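Build the full structure now, drawing on both the sequences and the hints.
2 protein chains.
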Amino acid sequence: MTPLYPDLIPAARGTKPADMVYRNAEIFDAFSCTWEHNDIAIKSGIIVGLGRSYRGIREQDLHGAYIVPGLIDAHVHIESSLVVPQEYARLVASHGTTTVIADPHEIANVAGAAGIEYMLAGRTGSPVDILYMLPSCVPSTPLDIGGASLDAEALFKFCGREGILGLGEMMNVPGVLAGDREIQRKLALFSVRDGHAPLLSGVDLNAYILAGLESDHECTTRGEAEEKLRRGMYIFIREGSTEKNSAALIPMVTPENVSRCCFATDDCHADLLAREGHIDRCIRTAVALGLEPELAIRMATLSAAERFGLSDRGALAPGRRADLCIVDDPVLFTVKETILSGKPVAAYPSLTAAVSLPATLRCITPSREQIRLYGCGSARVIGLVSGQIITESLHFDLDAARLPDRERDLLKIVVCNRYGRPGIGTGIVHGFGFKKGAIATSVSHDAHNIIATGAGDEEILAAIDAVIRARGGMAAVNGTDITVLPLDCAGLMSTLPASEVIARLDTLREVTGTMGGIAEPFMHLSFLALTVIPALRITDRGLFDGVAFRDVPVFGGEETSS
Amino acid sequence: MTPLYPDLIPAARGTKPADMVYRNAEIFDAFSCTWEHNDIAIKSGIIVGLGRSYRGIREQDLHGAYIVPGLIDAHVHIESSLVVPQEYARLVASHGTTTVIADPHEIANVAGAAGIEYMLAGRTGSPVDILYMLPSCVPSTPLDIGGASLDAEALFKFCGREGILGLGEMMNVPGVLAGDREIQRKLALFSVRDGHAPLLSGVDLNAYILAGLESDHECTTRGEAEEKLRRGMYIFIREGSTEKNSAALIPMVTPENVSRCCFATDDCHADLLAREGHIDRCIRTAVALGLEPELAIRMATLSAAERFGLSDRGALAPGRRADLCIVDDPVLFTVKETILSGKPVAAYPSLTAAVSLPATLRCITPSREQIRLYGCGSARVIGLVSGQIITESLHFDLDAARLPDRERDLLKIVVCNRYGRPGIGTGIVHGFGFKKGAIATSVSHDAHNIIATGAGDEEILAAIDAVIRARGGMAAVNGTDITVLPLDCAGLMSTLPASEVIARLDTLREVTGTMGGIAEPFMHLSFLALTVIPALRITDRGLFDGVAFRDVPVFGGEETSS
Chain A
1 MTPLYPDLIP AARGTKPADM VYRNAEIFDA FSCTWEHNDI AIKSGIIVGL
51 GRSYRGIREQ DLHGAYIVPG LIDAHVHIES SLVVPQEYAR LVASHGTTTV
101 IADPHEIANV AGAAGIEYML AGRTGSPVDI LYMLPSCVPS TPLDIGGASL
151 DAEALFKFCG REGILGLGEM MNVPGVLAGD REIQRKLALF SVRDGHAPLL
201 SGVDLNAYIL AGLESDHECT TRGEAEEKLR RGMYIFIREG STEKNSAALI
251 PMVTPENVSR CCFATDDCHA DLLAREGHID RCIRTAVALG LEPELAIRMA
301 TLSAAERFGL SDRGALAPGR RADLCIVDDP VLFTVKETIL SGKPVAAYPS
351 LTAAVSLPAT LRCITPSREQ IRLYGCGSAR VIGLVSGQII TESLHFDLDA
401 ARLPDRERDL LKIVVCNRYG RPGIGTGIVH GFGFKKGAIA TSVSHDAHNI
451 IATGAGDEEI LAAIDAVIRA RGGMAAVNGT DITVLPLDCA GLMSTLPASE
501 VIARLDTLRE VTGTMGGIAE PFMHLSFLAL TVIPALRITD RGLFDGVAFR
551 DVPVFGGEET SS
Chain H
1 MTPLYPDLIP AARGTKPADM VYRNAEIFDA FSCTWEHNDI AIKSGIIVGL
51 GRSYRGIREQ DLHGAYIVPG LIDAHVHIES SLVVPQEYAR LVASHGTTTV
101 IADPHEIANV AGAAGIEYML AGRTGSPVDI LYMLPSCVPS TPLDIGGASL
151 DAEALFKFCG REGILGLGEM MNVPGVLAGD REIQRKLALF SVRDGHAPLL
201 SGVDLNAYIL AGLESDHECT TRGEAEEKLR RGMYIFIREG STEKNSAALI
251 PMVTPENVSR CCFATDDCHA DLLAREGHID RCIRTAVALG LEPELAIRMA
301 TLSAAERFGL SDRGALAPGR RADLCIVDDP VLFTVKETIL SGKPVAAYPS
351 LTAAVSLPAT LRCITPSREQ IRLYGCGSAR VIGLVSGQII TESLHFDLDA
401 ARLPDRERDL LKIVVCNRYG RPGIGTGIVH GFGFKKGAIA TSVSHDAHNI
451 IATGAGDEEI LAAIDAVIRA RGGMAAVNGT DITVLPLDCA GLMSTLPASE
501 VIARLDTLRE VTGTMGGIAE PFMHLSFLAL TVIPALRITD RGLFDGVAFR
551 DVPVFGGEET SS
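Just so you know, the protein sequences line up as chains A and H, in that order.
Quick note: the first sequence uses our numbering, first residue 1, plus one each step.
Quick note: the second sequence uses our numbering, first residue 1, plus one each step.
FYI, nobody ran anything at the bench for these hints, they're computed from the structure.
Keep in mind the model is a prediction, meaning the values are calculated, not measured.
Just the calculated beta-carbon pair ranges, DEER-fashion:
1. A:Ala548 / H:Leu332: 54 to 62 Å
2. H:Leu332 / A:Asp151: 53 to 61 Å
3. A:Ser53 / H:Pro198: 19 to 27 Å
4. A:Thr34 / H:Pro198: 21 to 29 Å
5. H:Gln388 / A:Ser53: 29 to 37 Å
6. A:Gly557 / H:His63: 51 to 59 Å
7. A:Ser201 / H:Lys343: 24 to 32 Å
Here a beta-carbon is modelled for each residue, glycine too, at the ideal position from N, C-alpha and C.
Right, here's the structure in full:
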């Protein structure tokens with residue numbers, strides 16, 4: 001229900017002073033995508049009115065600067081930033097964001113309900129209103145078990161909690177289409193339900209939408225997005241660290257359908273957020289692609305608010321939250337100041353000592369013997385695809401005892417179960433290009449076991465060891481040099497300030513650069529255990545055929561998909 | 001919460017047959033305001049999907065006809081049609097309407113909660129989904145007391161009832177702005193609240209919106225509507241029997257703001273509905289005024305559904321109600337067939353014996369003495385304004401004993417309290433033009449006492465007597481000829497079939513035509529007791545100054561407003 005503010009009526013009528021009046025601004029009208037030169041009055045964190053007659057206890061002349069509603073991210077995993085929620089909020093708040101719709105899918109796969117509680121606690125005192133969609137698929141699949149499993153009953157316990165908005169991306173498309181009972185129970189818990197249906201089309205898309213899924217952020221082509229929009233889905237155009245769909249999808253946005261289109265970042269590292277921005281970056285990207293700035297701003301504000309039933313925000317109008325983003329110009333869109341509930345975000349307390357959720361790294365570093373591969377002949381090899389999360393299933397004639405094969409860029413890749421269950425999988429990967437050294441990380445979607453690769457067993461084991469010692473993290477080992485970004489919070493996020501996390505990411509990038517490898521090796525590595533994406537993957541059981549959806553050996557066995 | 005239909009998933013996937021497939025149609029995409037040539041499949045009253053591969057137990061080739069979602073009236077008083085809800089539904093259903101958002105304000109002023117119950121009962125078996133907004137202002141003002149008073153507690157008893165959607169038009173603008181506690185309580189009961197704020201602007205408009213009112217159907221100029229839209233209100237563009245705002249407002253509708261604009265009819269007699277149509281007429285009017293048909297259809301469908309949070313309708317998409325309106329052409333917009341929940345409206349049972357809510361006509365016909373006027377000199381006279389509900393406050397030098405003054409068109413006007421309270425008010429009116437005869441009606445907003453006027457006391461009394469004998473109705477007396485449309489249901493609606501009501505309306509029109517009067521005298525008469533509208537009115541206490549908001553005498557007293 002929209003909140004009511006009877007006590008603010010006198011301020012709205014101008015018979016009592018406002019707390020603050022911003023004067024001489026170009027104020028965005030999200031309802032008709034136009035601008036209005038006016039003053040805007042705020043009291044108790046609420047916009048009480050627009051008009052030239054307001055008086056405020058404080059007043060500020062904006063000299064014609066542009067005010068738009070605070071920006072809204074329609075779908076994001078905060079964990080992917082590698083910083084904790086409070087620190088994430090500080091990063092994006094400075095870029096004009098005032099609301100994020102976050103899905104704690106990663107931490108829930110590691111720590112279950114305790115992970116969600118941890119993320120909920122991060123809302124307190126945050127300079128961004130963080131609203132959560134409950135992760136619908138923990139684990140992602142029965143073959144991708146991490147540290148927890150959340151059934152409908154576990155999710156039900158969060159219903160009605162402040163900060164809980166609905167059900168997060170439903171990735172189990174086959175389960176939905178099969179009418180799976182447990183999925184039905186989860187869908188029935190919430191009236192707001194996000195979809196996740198890459199490439200789904202035709203009658204199966206109809207069935208998925210009929211089942212109650214109302215949005216999609218996985219479209220990669222205009223045709224796909226247009227079909228989903230026609231069938232009733234809200235389209236979240238995603239522009240993340242590696243998942244970039246703006247170029248393909250922005251051309252579909254029209255004045256007629258803009259109310260059904262939003263922006264989402266899904267997964268962004270802290271360094272990208274700090275250097276290039278957040279939803280402001282999405283707007284700039286869209287405008288650069290030819291979209292009218294007013295439509296881009298509508299997407300980032302009212303459209304997202306409407307999609308989630310948030311009638312208390314998304315527009316600069318009486319009775320709505322005083323969430324404001326002040327920019328120099330609608331096209332350049334450089335954020336000058338962000339106001340959350342009437343208060344500049346800079347005035348929110350900064351993170352002093354972040355609370356951690358210790359990682360469950362219940363594992364020890366494997367022995368050399370445990371990661372040894374035996375065999376000779378035609379071997380299945382995971383083929384990286386640069387800038388994509390899909391992989392190829394390759395074949396090479398090789399002798400496992402002679403790995404690494406630096407000539408042909410064939411390296412070992414290892415996954416260690418981190419939840420106290422036996423499980424060490426070893427495979428071969430092509431595409432990292434490391435001539436020396438190794439890397440390991442405890443971020444590996446979606447089970448988030450430890451995953452490592454490199455140009456030598458010793459260094460691979462040293463990198464895994466460094467991750468375990470850090471109680472989660474990203475580690476690069478180059479000879480005896482060990483560089484670590486500790487991810488002490490569930491092995492996914494760091495409790496360090498964002499500036500420090502960014503500095504360590506830079507160092508890791510430098511170190512891996514000297515090892516002769518590709519750009520962003522950690523990001524690529526973190527997706528290689530994701531069994532829901534084709535073609536060949538590695539789990540703590542060994543190689544996994546993501547098309548046939550079964551474990552496969554490195555040597556021999558039936559022919560795999562490619 | 002959006003309903004879920006797990007049992008329909010196989011039909012959506014095409015693995016089970018649909019109940020019905022409409023083939024070869026131009027299907028309206030309300031999300032992007034475009035058309036799609038396709039088939040549409042329906043099962044159990046729900047749209048399961050669009051696509052060429054569906055098979056149905058029944059199939060129908062539409063040969064390129066256009067299907068739009070069932071039309072939605074965003075604000076209407078069914079009582080104003082003069083027919084009961086079931087009969088009203090049959091009338092509008094044949095014109096493509098499948099949902100009406102109705103405010104039982106009139107019957108609630110007569111019969112209170114029992115009146116609302118009566119209207120709710122009219123939902124059963126109706127070929128239109130009738131959803132009610134609870135009347136917020138019963139009585140309209142403390143000076144306009146009819147048969148009932150509904151406080152927040154009385155409204156609370158209807159919360160959560162099927163068919164109850166929110167709080168109807170909040171007419172008490174001064175009360176809202178003064179922060180009236182009882183009004184606050186009413187606003188707090190519902191999350192959907194319709195406004196009613198003619199000419200409200202500036203800071204007071206801001207305050208009214210901040211207080212929780214989200215829509216307005218009273219705009220008469222483009223500037224007024226644009227200001228309200230900018231401040232966050234949904235704009236219902238009204239085209240009723242006498243309240244016609246399309247010409248002024250349609251030019252404001254753009255592709256960018258169409259999602260915030262809807263159609264409403266407010267008050268329409270049955271004859272207009274039968275002969276000219278309902279929301280289909282609004283669409284044709286808008287298109288004739290230059291609006292793109294696709295935007296007009298969007299207003300009449302998805303925009304209205306979104307405004308009321310009805311995510312189960314408003315678009316032709318999987319999982320939504322199979323409410324369809326089949327038309328020949330988007331511009332001509334002649335409705336060929338209406339489908340409600342997958343069933344043609346013609347297949348819904350027609351009204352056999354309508355239930356009545358007997359009127360509380362606890363009054364007897366006054367004596368000649370009781371309607372006698374005394375006085376001589378300058379008299380206050382109500383001046384009709386043709387085609388408007390405002391009146392003028394006129395002055396004439398006259399001798400009351402010599403009325404009627406047919407030369408100067410000065411007739412007596414009488415209001416009799418019908419609720420068993422003493423009260424007979426007599427005044428003088430200019431503008432009806434009757435040379436002979438008299439008319440009376442038990443429809444007189446908002447208290448709905450009996451109101452009468454005419455060219456002679458005997459005939460005025462005979463007309464009142466005819467209304468009382470009919471237990472409510474509209475009566476025209478011409479000499480000894482008495483013509484009556486009985487409004488036996490609360491004195492507001494007739495339980496006769498619509499065709500019969502229309503025939504009687506035609507006869508009344510003929511009869512009053514022979515009396516030498518203006519067109520639509522009953523409609524004009526029914527508004528002359530409405531104290532909330534300037535300038536001079538008549539109540540069961542006598543003349544009322546609607547500007548000074550006080551009773552005034554016919555002769556003498558302080559100068560009145562004009």
